[in-house]
Amino acid sequence: MPDLVELFCELVRIDSESGEEAVIIEHLKGLFERELGADCTLDDYGNLVARVAAKDSQADTPILLGAHADTVKPGKGIEPVVEGGVIRSAGETILGADDKAGIVEIFEAVRTAGRRPPVEIVITRQEETGLLGAKNLDRAKLRANMGFILDGDELDTVVIGGPTYIALDVEITGRAAHAGMEPEKGISAIRVAAKAIAAMPEGRIDEETTANVGTIEGGLVRNGVPGKAILRAECRSLSHDKCVRQAEVMQQAFEKAAAEMGAKVDVKHTTEFRASQIPEDTPVVLAAKAAIAAVGLDPKAQVITGGTDALVLNEKGIEAVVLGFGGQEAHATQEHIAIADMEKAVSLLRHLLAALA
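Read in my numbering, the sequence shown has 123 at position 123, and its numbers run on one by one without any break.
It is worth saying that the hints were derived from the structure and are not from the lab. No residue lacks a Cβ here, since even glycine has one placed at the ideal position from N, Cα and C. Keep in mind that a hint or two might mislead.
Quick list of simulated restraints, FRET-style, between CB atoms [claimed, not checked]:
| no. | residue 1 | residue 2 | range |
| --- | --- | --- | --- |
| 1 | Lys-316 | Asn-223 | 35 to 45 Å |
| 2 | Gly-180 | Thr-270 | 38 to 48 Å |
| 3 | Met-181 | Glu-79 | 50 to 60 Å |
| 4 | Val-82 | Lys-316 | 33 to 43 Å |
| 5 | Pro-283 | Asp-206 | 30 to 40 Å |
| 6 | His-27 | Arg-222 | 46 to 56 Å |
| 7 | Val-249 | Asp-15 | 20 to 30 Å |
In silico lysine-lysine, DSS-like type, Cα no more than 25 Å apart, as pairs [claimed, not checked]:
| no. | residue 1 | residue 2 |
| --- | --- | --- |
| 8 | Lys-264 | Lys-195 |
| 9 | Lys-228 | Lys-264 |
| 10 | Lys-195 | Lys-242 |
| 11 | Lys-135 | Lys-268 |
| 12 | Lys-242 | Lys-268 |
| 13 | Lys-185 | Lys-256 |
| 14 | Lys-135 | Lys-264 |
Starting from the given sequences, assemble the full structure and let the hints guide the process.
As structure tokens, then:
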């Protein structure tokens, strides 16, 4: 059995950008069956559910430990480098500690736990592209009603809540024309988009709310007035009502700019997940804090404006929080993780398992 660092390096070398997780999930299925004696199944979406029996425990209801198998780009051909107690990529790619460090830490903690309740390990797909694996997770395959997702940065932090997230897909239809010969006959869809963006509140709206236009695609040639533009935008807030109002403001800005310039606009918005927060005195939060304190850290609870699998699980009736795996600078080629922090995360999880056994 490879040690913690060897296994982590083995996993990050397996390409698994979002949507391409089949190979690593099959690899993990074999690993969990062989080393944990797990009963493994894949749901219809390709998420992995591994059921591990209790050890020195009379507990009947399992707890859920979760992480995601996918990475962001650039995540192909990762070559981990171990130096000075820190693991980083060779420099051309991300490292993939988000979230393969979480997977390794869960595996090692379950494998080496002196005591543990029954455990359902859930490894989801496509977390990075909209929590799609968690959204499509077959709840009927799970008995757990309490969950811990290893997908945070800081080991001393329990994430107990997150935002409503609304995605806006905008299509602006102007009128194409030759930019040099008869520009007055055209209506620039890009100009409509620019006018709308300039008019709407964007960035940090308040302490709970943000908004962003992430991509613009428009035009076909340099010398043509662009007749079409497609934008992808978002807003999020810890207050569901604020998020809905912000989405309405953004839509109205696009509609107003289009009307003023004689263009047409179609705005579709989708609520990807809804704001929720778990009280700090609930058993799942108290158990997480106790485990953090047991490894010598000062636990704190936090609500974030990022999306997590825990938000989706809460909607499915599994009370879930996010714990840290110890990585730094996720989603960047500078991503790295200290071996000591990985070991501390494993110890934290072992304390959690023992307490819940």
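To see whether the hints hold, each was checked on the structure:
The given range of 35 to 45 Å is broken by Lys-316 and Asn-223, whose C-beta atoms sit roughly 53 Å from each other. The given range of 38 to 48 Å is respected by Gly-180 and Thr-270, whose C-beta atoms sit roughly 40 Å from each other. Range check, Met-181 to Glu-79: about 53 Å between beta-carbon atoms, so the 50 to 60 Å window is met. About 38 Å separates the C-beta atoms of Val-82 and Lys-316, a value consistent with the hinted range of 33 to 43 Å.
Distance hint check for Pro-283 and Asp-206: the Cβ-Cβ separation is about 32 Å, which falls inside the suggested range of 30 to 40 Å. Take His-27 and Arg-222: their Cβ atoms lie about 47 Å apart, and the range 46 to 56 Å holds. Taken as a hint, the range 20 to 30 Å is violated for the pair Val-249 and Asp-15, whose Cβ atoms sit roughly 41 Å apart. About 14 Å separates the Cα atoms of Lys-264 and Lys-195, which keeps this hinted pair within 25 Å; it holds.
With a C-alpha separation of about 10 Å, the suggested pairing of Lys-228 with Lys-264 holds against the 25 Å cut-off. Restraint check for Lys-195 and Lys-242: satisfied, since their Cα atoms lie roughly 23 Å apart, inside the 25 Å limit. Distance check on the hinted pair: Lys-135 and Lys-268 sit about 20 Å apart at the alpha-carbon level, within 25 Å; holds. At most 25 Å may separate the alpha-carbon atoms for a hinted pair to count; Lys-242 and Lys-268 meet this at roughly 18 Å.
The straight-line distance between the Cα atoms of Lys-185 and Lys-256 is roughly 21 Å, inside the 25 Å bound, and the hint therefore holds. A distance of roughly 33 Å separates the Cα atoms of Lys-135 and Lys-264; the hinted pair therefore is violated under the 25 Å criterion.
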